[in-house]
Amino acid sequence: MWKLLQIELFKISRRSRTYISFAAIAGIVFIFQFAFHADGKSYMNLMLQSVGDTFDLNKSKAINGYFMCYIILNTLLIQVPILVALIAGDAISGEANMGTLRLLVSKPVSRAQILLSKFMASFIYTVILLLFMALTALLLSMAIFGVGDLLIFRNRGDESLIMQITQDDILWRYVAAFAYAAVALTVIAALAILLSIFAENSIGPIIATTCIVIVCTIVSNISVPIIENNVKPYLFTSYLVGWKGFFYIATTDEGQPIKGSLEDWPAIRNSLFILFGHIAVLLGASLYFFRKKDIMS
Amino acid sequence: MSVMLRVDNLTKKFKDFTAVDDLSFTVNEGDVYGFLGQNGAGKSTTIRMLLTLIAPTGGNIFFHEENVANHRNAWLRQTGAVVERPDVYGFLSAYDNLSIFARLAGAKVTRKLLMDQLEMVGLAERAKSKVKTFSQGMKQRLGIAIALVHNPSLVILDEPTNGLDPQGIADMRNLIISLRKDHGKTMIISSHLLYEIEQVATRMLIINKGKKIVEGNVAELLNPADTVVSVSTTDDADAFKLMQQSKWASLVSYEEEILRFRMHKQEIPELVQEVAARGIQIESVVPRHSLEEYFLNITKGKN
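First to last, the protein sequences are chains A and B.
The opening residue of the first sequence carries number 1 in the working numbering; numbering runs sequentially from there.
The opening residue of the second sequence carries number 298 in the working numbering; numbering runs sequentially from there.
No wet-lab data here; the hints were simulated from the structure.
Take these hints with a grain of salt, some might be off.
[As the list claims (entries may be wrong)] If we take Cβ atoms under 10 angstroms as the criterion, some of the chain A residues that face chain B in the derived model are:
hint, residue
1, L4
2, Q6
3, I7
4, F10
5, R14
6, M98
7, G99
8, P108
9, L116
10, I227
11, E228
12, V231
13, K232
14, K292
[Unchecked claim] Chain B regions said to be covered by chain A (calculated; three or more residues, Cβ under 8 angstroms):
hint, segment
15, 365-371
16, 398-404
[Stated by the list, open to error] Label-pair ranges, simulated between beta-carbon atoms:
hint, chain 1, residue 1, chain 2, residue 2, range
17, B, K312, A, G204, 31 to 41 angstroms
18, B, S321, A, Q113, 30 to 40 angstroms
19, A, R14, B, G460, 19 to 29 angstroms
20, B, M412, A, F132, 29 to 39 angstroms
21, B, G355, A, E200, 23 to 33 angstroms
Keep in mind that this is a model prediction, so the values were computed, not measured.
For every residue, glycine included, the Cβ atom is placed at its ideal position computed from N, Cα and C.
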């Protein structure tokens, strides 16, 4: 299994398309950092207006490395599934398209091992992609903008509010948020791998995965009770942004943030449980179909 | 010779279409086993079932009397194959491709092993070149190296001369002969180039519409006394009349404006002399390869 995983990682590392994702992330992060470095105060004014400008703060200190990373993650983690699908959607279909699938499957390794090694390689790729995001969006932003307390602008029901997390209470939240994002993106990878079993070129599964994510995200955001109660809880896209929960801090009755706390840990735990469930079901289905598949390519 | 591979009642159905129908055959150790059939006869489907790429609808495959279904990995460790096209990773070098598939096949990979293998197929100098820059012939040779790198006892080559130029075909023929003679490999070779099979095969199987037509030793199946010789002259109709008055009268036919003789291969020089002696100017003499004739005869009426 380790041998197969090494081979899969070697193949991924040698393909130029692998690095498109890293270049895209670096480019987007750079644009954000440049824009906020040049005119971050305007953004901050806009955000403060939305909450009534009742918050007393030093605006230039509010735009720090932690805040930058939060803003970037808010935007980027919606797009990253497409980058994950780019690699995972190619896992089986790419081999079929190149004609190497029949060579691979006719070697003395089981189909389950082949599939699991490809899934593991996609997971590792996802983790490396997130580490790269952490490096550029968090560490680089910290180096450019410095550190300080993190302001979170949030809509809760009808009210818009600002939460402040002290700088000594932030890093662990980012570690947890990236770990959560890794689990969420692994669902995308598992979905893309499942779809790639049925295709003989990579474009189909990549587009299909992207379409499923878009459609499910739209459905997840339909605020009609019949959808919210009966459909939304079962869609993985409802939990993709669950990483934000690590930045929703619990408060005292007086409204003071409680250091090291989470507003709703059971909800995060439940989200993770559902995401792991999705991974298990998608991976199980992939194993079932791949083991039964006639290799005709 | 002991039986290496035994295929019993192998069947593959795709919905209502039966691609392979109750097919049975045996491959002995040391055989170069020619696997013949027209396009769509079921050769590739059979080979894919042998390599566990597709699941049979029925039947069994035994390797040294052990059911392949229960000993898949052991069977595949003893098998090297090139199925249809020799597709490998174009974005990797020949060396990297060979290394990957050698490791997957369970070979103890060393630089020497890989370079020796590339040397054997004449690709050592291009070891570090990306495969996407290779010609079809070079890819075919790399495919052979991949099939052989783990020293399998059985080599399966599906249409090994596809896309090769005449020199490549000759090289492939020599390689197959060498693998049998010098390395003791048992081989299954499917091809639509009957002449190529005739040159190398010791035993053969002909299938049509997924069914076995005949199986046996090439020498026994092909009769040199039954060679068809097509003769082209300046006036074939006139030549036919003249030849009807000769000792060849019972062997000559004139159909579809082609003059043909059914005879022993050894008699061709005598025929040429006889025709010339009667003042007929010969433009060409083409002995039809006996396997081709045999194949056409045996599959005629089965379609």
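Results for each hint:
1. The interface hint given for A/L4 is met, as the beta carbon of that residue sits about 8 angstroms from the closest beta carbon of chain B, less than 10 angstroms.
2. For the restraint placing A/Q6 at the interface with chain B, the shortest Cβ-Cβ distance is roughly 8 angstroms, inside the 10 angstroms limit, so the hint holds.
3. At a threshold of 10 angstroms, the smallest CB-CB gap from A/I7 to chain B is about 5 angstroms, leaving the interface hint in force.
4. Residue-level restraint check for A/F10 holds (minimum Cβ-Cβ distance to chain B is 7 angstroms; threshold 10 angstroms).
5. Checking A/R14 against chain B: minimum C-beta separation of about 6 angstroms stays under 10 angstroms; hint holds.
6. Taking 10 angstroms as the C-beta cut-off, the interface hint given for A/M98 holds, the closest approach to chain B being about 6 angstroms.
7. Checking A/G99 against chain B: minimum C-beta separation of about 3 angstroms stays under 10 angstroms; hint holds.
8. The restraint placing A/P108 at the interface with chain B holds, with a minimum CB-CB distance near 4 angstroms, inside the 10 angstroms limit.
9. A distance limit of 10 angstroms between C-beta atoms decides the matter here; for A/L116 the minimum to chain B is near 15 angstroms, and the interface restraint is violated.
10. At about 39 angstroms, the closest approach between the beta carbon of A/I227 and any beta carbon in chain B exceeds 10 angstroms, and the interface hint on this residue is violated.
11. Among the interface hints, the one on A/E228 is violated; its C-beta lies about 43 angstroms from the nearest C-beta in chain B, farther than the 10 angstroms criterion.
12. The criterion of a C-beta within 10 angstroms of any C-beta in chain B is not met by A/V231, whose closest approach is roughly 35 angstroms, and the hint is violated.
13. Checking A/K232 against chain B: minimum C-beta separation of about 39 angstroms lies over 10 angstroms; hint violated.
14. For A/K292, the interface hint holds, the least distance from its beta-carbon to any beta-carbon of chain B being 7 angstroms, beneath 10 angstroms.
15. Counting residues of the segment 365-371 of chain B whose C-beta lies closer than 8 angstroms to any C-beta of chain A gives 3; at least three are required, and the coverage claim holds.
16. Check result for the segment 398-404 of chain B against chain A: holds, 5 residues qualifying (beta carbon to beta carbon below 8 angstroms, three or more required).
17. For the pair B/K312 and A/G204, the beta carbons lie near 23 angstroms from each other, so the given range of 31 to 41 angstroms is not met.
18. In this structure the supplied range 30 to 40 angstroms holds for B/S321 paired with A/Q113, their Cβ-Cβ distance being about 32 angstroms.
19. For A/R14 paired with B/G460, a C-beta distance near 26 angstroms keeps the hint of 19 to 29 angstroms intact.
20. For the pair B/M412 and A/F132, the beta carbons lie near 36 angstroms from each other, so the given range of 29 to 39 angstroms is met.
21. In this structure the hint that B/G355 and A/E200 lie 23 to 33 angstroms apart at CB holds, the actual value being about 27 angstroms.
Checked against the numbered hints listed earlier, the structure breaks hints 9, 10, 11, 12, 13, 17; every other hint is satisfied.
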